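Asker: Listed below, chain by chain, are the residues.
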Amino acid sequence: MEVKNTIVFSAETLELVQKIMKRYPEGKHKSAILPILHLAQAEWNWCSPEVMDYVASLLSIAPVEVYEVASFYTMFHLEPVGEHVIEYCRTGPCCLMGGVEVYDHLKKRLGIQTGETTADGKFTIKEVECLAACGWGPVFQIKEKFYMQLTAEKVDQIIDELRK
Amino acid sequence: MKILTEHIDVPGIETIDVFCKHGGYQAVEKAIKKMTPDEVTEEVKKSGLRGRGGAGFPVGMKWSFLAKPEGVPRYLVCNADESEPGTFKDHYLMWKSPHTLIEGMIVSSFALGANTSYIYVRGELMYVIHILEKAIQEAYDKGYLGKNILGSGYDLDLYIQPGGGAYICGEETALLESLEGKRGNPRIKPPFPAVKGVWQCPTVVNNVESIAATSWIINHGGDAYAAIGVGRSTGTKLISASGHIRKPGVYEIPLGITVEDFIYSDEWCGGIRDGHKLKAVVAGGSSVPILSAEMILNTVDGEKRLMTYESLSDGGFATGTMLGSGGFIVMDETTCIVHNTLTFARFYHHESCGQCSPCREGTGWMDKVIYRIEHGNGRKEDIDLLVDVAKKIEGNTICPLGDAAAWPVAAAIRHFRDEFEWHIEHPELAIQPGAVYMRPGASWA
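Protein chains in written order, with our numbering: chain A, 983 to 1146; chain B, 20 to 464.
Simulated from the structure, these hints should not be mistaken for laboratory data.
As the structure is a computational prediction, the values presented were derived from the model and not from experiment.
We put the CB at the ideal spot given by N, CA and C, even for glycine.
One or more of the hints may lead you astray.
Claimed, not checked - Simulated coverage check for chain A against chain B, where a stretch passes if three residues somewhere in it have a Cβ under 8 Å from a Cβ of chain B:
#1 1007-1013
#2 1017-1027
#3 1072-1080
#4 1088-1098
#5 1109-1123
#6 1140-1146
Claimed, not checked - Restraint ranges, calculated between C-beta atoms of paired labels, are given here:
#7 B:76 x A:990: 45 to 55 Å
#8 A:1031 x B:208: 31 to 41 Å
#9 B:80 x A:993: 44 to 54 Å
#10 A:988 x B:447: 56 to 66 Å
#11 B:414 x A:1031: 37 to 47 Å
#12 B:447 x A:1109: 21 to 31 Å
What the hints assert, rightly or not - Straight-line alpha carbon distances no greater than 30 Å define the calculated DSSO-like cross-link-like pairs of lysine-lysine that follow:
#13 A:1090 x A:1136
#14 A:1127 x B:201
#15 B:115 x B:166
#16 B:266 x A:1012
#17 A:1001 x B:115
#18 A:1108 x A:1136
#19 A:1108 x B:266
#20 B:266 x A:1004
#21 A:1089 x B:387
#22 A:1001 x B:166
Can you make the complete structure from the sequences, with help from the hints?
Answerer: So this is what it looks like as structure tokens:
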């Protein structure tokens, strides 16, 4: 995914940023780091140093305060990723439901391993820990959407759909 | 008996109009118009409601610890960072019926005298955050949130805070650090959040299910709630049922039904999937000790084990476990306990915040040693090594993540040591795909 040359939120998003910062007491707007990082990643697909610097400038804090937070939480991509990041749950309950086999199929289907991106830049596979959907496993998530009770056939359908 | 999920399948229950048609927001009306904050707290105390996030600490007592210095704001923060493997009840409740939580947040905030409250939702549940935000806006529009609620003079603002993907933020002081916009490193206690919480102000942190239950308690009285259940396990509990059962899902049970009923009755899990037998259960989320089929169904005295805090922990860790968060993971005879334990050890290794060396180093050791056992490279001394590492983590860390990491490994070895030994003695068999050790004479053999 190409990163835009100028890292600036739209006027609409900036208004939302201002609103978010007012959720916290006077002077405590550093709390807005996580919500704003989510907005930034939704906009630019990953949290590049430039994106994090921009978030720091919005909050009037040092860039390192954003780096140390972004690097602590697993949802933020600190390296470029594909258009669709498939984050599959590798924890116990999903494995009980055949997760390992389904994820192996996913990797074979895309021809990449966990942590890699397809040559066309369409897909990245990441493994994540429990997604709180254990009764509906195996599960993966692409952006906000949960895909549940996965089978090899369902994985194929989802990939076909997203390739369109 | 359903308290939280009675109307959960009603079409449109996520909207405030349908929710109100089914008795929604009556607890807000009652608490704010007819009761004092102390009276609300008193009812919650009487109910015997215990923290539903896993620790089981009495909610009313936690509330009564809240410091109330003049001129200092107090906060209620809802812990919706549900991430304990096997647990998905809060996800389900917020997704299906967001107003159930919001109503409870208003009642609880009123009792605590909080004028600003937050719901900290794990970031992966962004779609649930959108559902909650929509519901919160509806509550503002109806006058249940905002300034001068129902003309009472009481003000409350309610906000959602998204997490960023970190199990540790389910620990309450890590959650508060995260809410302040920092890394989720747990704080040393004391001071407890009730005295110095978010932004150094008095704060109560409660689980989604605990807060949601307060509305029913206010509507029906603490005594009515306490009448449900057995002994100190009062009320109902949401159980997240997963694994090899016919009907996985979230079930609201009255505390006190038997474990056997919960697993085999058609009302709940519906039994083990066709043609298979029960081997083991993790009853309260990944951190609680795993028990074999025989041990989970009956206590060591031969009594039927109940779904209560006390009965599940009967026998201590030698023969018992914990109710925990109610993450009920069922395994049949096809399950390799070593592999399952590996996924848990890997989980805690990944999620350790790295602050305390016993946890940071120990979780890594356990992950690597179980990995080599599972992959046919185990050494004779590895089992004792794992027990030793687990012992050295337990009780030696700032927060309970260390214990949570040590217990599942120690319990798997305690109750399934033969399976670990088999992996080490017969690596050529153990590494075959789908290979599972079968204990001679076991009930699941």
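Asker: Run every hint past the structure and note whether it holds.
Answerer: Do the hints match the structure? See the list:
{"no.": "1", "hint": "1007-1013", "result": "holds (count 4)"}
{"no.": "2", "hint": "1017-1027", "result": "holds (count 3)"}
{"no.": "3", "hint": "1072-1080", "result": "holds (count 7)"}
{"no.": "4", "hint": "1088-1098", "result": "violated (count 0)"}
{"no.": "5", "hint": "1109-1123", "result": "holds (count 11)"}
{"no.": "6", "hint": "1140-1146", "result": "violated (count 0)"}
{"no.": "7", "hint": "B:76 x A:990: 45 to 55 Å", "result": "holds (47 Å)"}
{"no.": "8", "hint": "A:1031 x B:208: 31 to 41 Å", "result": "holds (36 Å)"}
{"no.": "9", "hint": "B:80 x A:993: 44 to 54 Å", "result": "holds (49 Å)"}
{"no.": "10", "hint": "A:988 x B:447: 56 to 66 Å", "result": "holds (60 Å)"}
{"no.": "11", "hint": "B:414 x A:1031: 37 to 47 Å", "result": "holds (41 Å)"}
{"no.": "12", "hint": "B:447 x A:1109: 21 to 31 Å", "result": "holds (28 Å)"}
{"no.": "13", "hint": "A:1090 x A:1136", "result": "holds (14 Å)"}
{"no.": "14", "hint": "A:1127 x B:201", "result": "holds (27 Å)"}
{"no.": "15", "hint": "B:115 x B:166", "result": "holds (28 Å)"}
{"no.": "16", "hint": "B:266 x A:1012", "result": "violated (44 Å)"}
{"no.": "17", "hint": "A:1001 x B:115", "result": "holds (27 Å)"}
{"no.": "18", "hint": "A:1108 x A:1136", "result": "holds (18 Å)"}
{"no.": "19", "hint": "A:1108 x B:266", "result": "holds (29 Å)"}
{"no.": "20", "hint": "B:266 x A:1004", "result": "violated (44 Å)"}
{"no.": "21", "hint": "A:1089 x B:387", "result": "holds (24 Å)"}
{"no.": "22", "hint": "A:1001 x B:166", "result": "holds (18 Å)"}
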